[in-house]
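S.K.: Given next are the chains, with one letter for each unit.
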Amino acid sequence: MANTREIVGKRVARLFKNGDLVNLGIGMPTAVANYLPEDVNIILHSENGFVGLGATPPEGQEQKDIVNAGGQPVTILPGGAFFDSAMSFAIIRGGHLAATVLGALQVDERGNLANWMVPGKMVPGMGGAMDLVAGARKVIIAMEHTAKDGSPKILKLCNLPLTAVQEVDYIVTELGFMEITAEGIVLKELAPGVTIEEIQSKTEATLIIPPNVETMNI
Amino acid sequence: MANTREIVGKRVARLFKNGDLVNLGIGMPTAVANYLPEDVNIILHSENGFVGLGATPPEGQEQKDIVNAGGQPVTILPGGAFFDSAMSFAIIRGGHLAATVLGALQVDERGNLANWMVPGKMVPGMGGAMDLVAGARKVIIAMEHTAKDGSPKILKLCNLPLTAVQEVDYIVTELGFMEITAEGIVLKELAPGVTIEEIQSKTEATLIIPPNVETMNI
Amino acid sequence: MNKVTTRQEVIDKFSDGQTIMIGGFLATGTPESLVDALVEKKVSDLTIITNDTAFIGKGTGKLIVSKQIKKAIVSHIGTNAETGRQMNAGEIDIELVPQGTLAERIRCAGAGLGGVLTPTGVGTIVEEGKEKIIRDGKTYLLETPLSADIALIKAAKADTFGNLVYFRSARNFNPMMAMAAKLVIVEAEEIVEVGSLDPDEIMTPGVLVDMIIKG
Amino acid sequence: MNKVTTRQEVIDKFSDGQTIMIGGFLATGTPESLVDALVEKKVSDLTIITNDTAFIGKGTGKLIVSKQIKKAIVSHIGTNAETGRQMNAGEIDIELVPQGTLAERIRCAGAGLGGVLTPTGVGTIVEEGKEKIIRDGKTYLLETPLSADIALIKAAKADTFGNLVYFRSARNFNPMMAMAAKLVIVEAEEIVEVGSLDPDEIMTPGVLVDMIIKG
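Protein chains in written order, with the numbering used here: chain A, 1 to 218; chain B, 1 to 218; chain C, 1 to 215; chain D, 1 to 215.
The following block holds chain A by itself, in its conformation from the complex (with noise of 0.2 Å):
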């Protein structure tokens, strides 16, 4: 059976159309890269200051100022173009941004997403999060559907301090896809072998069940 890693990214991809500028987080959302359609081809931006993002270069041909926003070396696909921040930010804040793919620690019915500290844990900052989810025009969660420990990441309410309020449009995991609406989440779609009632067990906040929930096509 595939993973995590491949049912999310997989379902995530369907989600672009050819040309749309994604924003990819760091971890899970980055594999969304990895299993887009062929006929779709998207271009990543990256927050430190260009668009046109490309592969990891083969070792050796590193460039040490061509880095992603993890600090990796990366490469720039032609087409690209490199900006400075305060472009990089009216890029995203402006509504130029498809989409935007992030963890999340927490998100909720209403579409609140906490990702970026833990009191007294882990502050790492919000860094450029919190400007993607407020601009970009589709803010698409990709994560594991539990935390480590089993507990559920998908509630009725936050309680981690928030990134952003009411921004959070999609929800991929390994047992669904769900779409975030005015009345609470949707489960649209169940990864093969999942059933509703394991969905929803592992789910803080009540799912909404439509009468054709369909198996994730990956």
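I should point out that these hints are in silico values taken from the structure, not numbers from a laboratory.
A hint or two may mislead.
Stated by the list, open to error - Listed below are the simulated DSS-like cross-link pairs for lysine-lysine, each with C-alpha atoms no more than 25 Å apart in a straight line:
no.: 1; chain 1: A; residue 1: K138; chain 2: C; residue 2: K3
no.: 2; chain 1: B; residue 1: K121; chain 2: C; residue 2: K71
no.: 3; chain 1: D; residue 1: K71; chain 2: A; residue 2: K121
no.: 4; chain 1: D; residue 1: K58; chain 2: A; residue 2: K64
no.: 5; chain 1: C; residue 1: K157; chain 2: C; residue 2: K13
no.: 6; chain 1: D; residue 1: K214; chain 2: A; residue 2: K64
no.: 7; chain 1: C; residue 1: K130; chain 2: D; residue 2: K138
no.: 8; chain 1: D; residue 1: K13; chain 2: D; residue 2: K157
no.: 9; chain 1: C; residue 1: K70; chain 2: B; residue 2: K121
no.: 10; chain 1: C; residue 1: K58; chain 2: B; residue 2: K64
no.: 11; chain 1: B; residue 1: K64; chain 2: C; residue 2: K157
no.: 12; chain 1: A; residue 1: K138; chain 2: D; residue 2: K138
no.: 13; chain 1: D; residue 1: K182; chain 2: D; residue 2: K3
no.: 14; chain 1: D; residue 1: K182; chain 2: B; residue 2: K17
no.: 15; chain 1: D; residue 1: K132; chain 2: C; residue 2: K130
no.: 16; chain 1: C; residue 1: K138; chain 2: D; residue 2: K130
no.: 17; chain 1: B; residue 1: K148; chain 2: B; residue 2: K64
no.: 18; chain 1: D; residue 1: K130; chain 2: C; residue 2: K132
no.: 19; chain 1: A; residue 1: K17; chain 2: C; residue 2: K13
no.: 20; chain 1: D; residue 1: K132; chain 2: C; residue 2: K138
no.: 21; chain 1: C; residue 1: K13; chain 2: C; residue 2: K70
no.: 22; chain 1: B; residue 1: K64; chain 2: C; residue 2: K214
no.: 23; chain 1: A; residue 1: K138; chain 2: C; residue 2: K71
no.: 24; chain 1: D; residue 1: K13; chain 2: D; residue 2: K130
no.: 25; chain 1: D; residue 1: K70; chain 2: A; residue 2: K121
no.: 26; chain 1: C; residue 1: K130; chain 2: D; residue 2: K130
no.: 27; chain 1: B; residue 1: K138; chain 2: D; residue 2: K3
no.: 28; chain 1: D; residue 1: K157; chain 2: A; residue 2: K64
no.: 29; chain 1: D; residue 1: K67; chain 2: A; residue 2: K121
no.: 30; chain 1: B; residue 1: K138; chain 2: D; residue 2: K182
no.: 31; chain 1: C; residue 1: K132; chain 2: D; residue 2: K138
no.: 32; chain 1: A; residue 1: K17; chain 2: C; residue 2: K3
no.: 33; chain 1: C; residue 1: K67; chain 2: C; residue 2: K41
no.: 34; chain 1: C; residue 1: K67; chain 2: B; residue 2: K121
no.: 35; chain 1: C; residue 1: K214; chain 2: C; residue 2: K157
With the hints as your guide, set chains B, C and D onto chain A.
M.R.: Below, chains B, C and D without anything else, positioned relative to chain A:
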């Protein structure tokens, strides 16, 4: 005897120090560039988007995309740089201009300036003038002392629509060099052959006359 | 993705009542072919956002003469006598905006900002109807975003994806406008292949551009 | 005007308690020689404004390790464990600012703006103590300028007058910071003669730069 343009140009030019970034308005202010002391190089800012404004090119060597803020062909000096309008006015408003030199319809003893419209007659628009006057570190008015009909332009209080409030630092005319202070307009220097009585008679505001009014060195 | 298109495809995008940003400063850096296309289509009741109304017969001035403009948001109209005449006759609505404020208001729209505080215009008629905010003892006007349906941009070079390079003082308002409209149409003096521009020399990234014609 | 100077002239400008902006993003585009000069001078109680605290032993992280920082205004500290340790121990004051807001706040100072309205951070702890302004039904935070005594800038190329060209993703915060400090000090990988840079390729005009060293 020196004409107005020469007197005003020479006196304004001596307000600069080497390396100052200066914006010169259209008309008499532009002439200031012709009278700089030999040891003073100033850098000219053009609000349409560059620094390093040079002289008019010889006929036949004009380039359509190198023009000043009046649309006239100019040149750019070595070390000059082009940028967009947002950057151009960031430089203006951000205090990076040592001085702006502009003409005036009216200027008053509070340092108010009116130079962009005459209601019902002439409404060209403020262009960059309001930003220049609000942003430059020193605002220098270079003009004929009186209007064409002989009426005073240096007033107790401007009655034309203002360009800015309390921003003018110096006034230079063919009659004298004045500084605007919290107390009012101080007559610092008289042009050669001009008397205190003459300049006051052509000025509505009451000039503050210090014990030592010098003769303008032009 | 090749965004190079035909003049007719561009003309099809124009319609009455649109708000259109047009790059340029006294016609330098104005996409003359695109302005001509607007004139040709005879669309009316346009709102234009542009630095100035240039000259009779040149740049945005052509749209004034052809009476296609309902409202112009500009910093300067002094070089086009017809603009002044129409304004005095009540035929056109002119909103005069200080030039630096105009640049920032357009930038705000493109950058997703709700406004900026500027000292420019405080104590003048520009402040009428605007919120004043005092910070650290200094008074500022809250100036709000200006966006448009279409931006007409002039570039010296474009690659087929829409990466743009401007030349000399023809840059002016073009980069901000290329971020602030729903549809961004570029007239380029030269069109080159993707990959032929260095990624550091690009002044407007192609991701912001929708259509390109050779100008 | 030749602004190329010596390391010692630069070091003479540093003193305790200064507010210093430092370009770079996880040390890419950070002027390492200038940071080393700060470490060497052992100035203390500094406030730094910079995107992140980089890594132990690299970029701005070196100043954290050397305990010269009283306060850091940054968007991210997660890559430097020592920053977190000092913060938890109450040895350093960390002001976390969303990255786009940090860029705009610095730009405001350099551009003479009193602030900007951003949607970023609304409803989060970032909004604490800030004025909220609602426009067209959308809520924004009023974010205010950040300026500094000194900006330390990294350029790929500088001419001797201070015109700067940045390379690739090393540009990041450098252009905004070069506008927002009283004294702007540049470390350039290459120093060239005035006139050898094309006036369109210059990303920071030399009129904004005070001192240059070879880095």
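S.K.: Quick one: which hint numbers does this structure break? Sort them smallest to largest.
M.R.: 17, 23, 24
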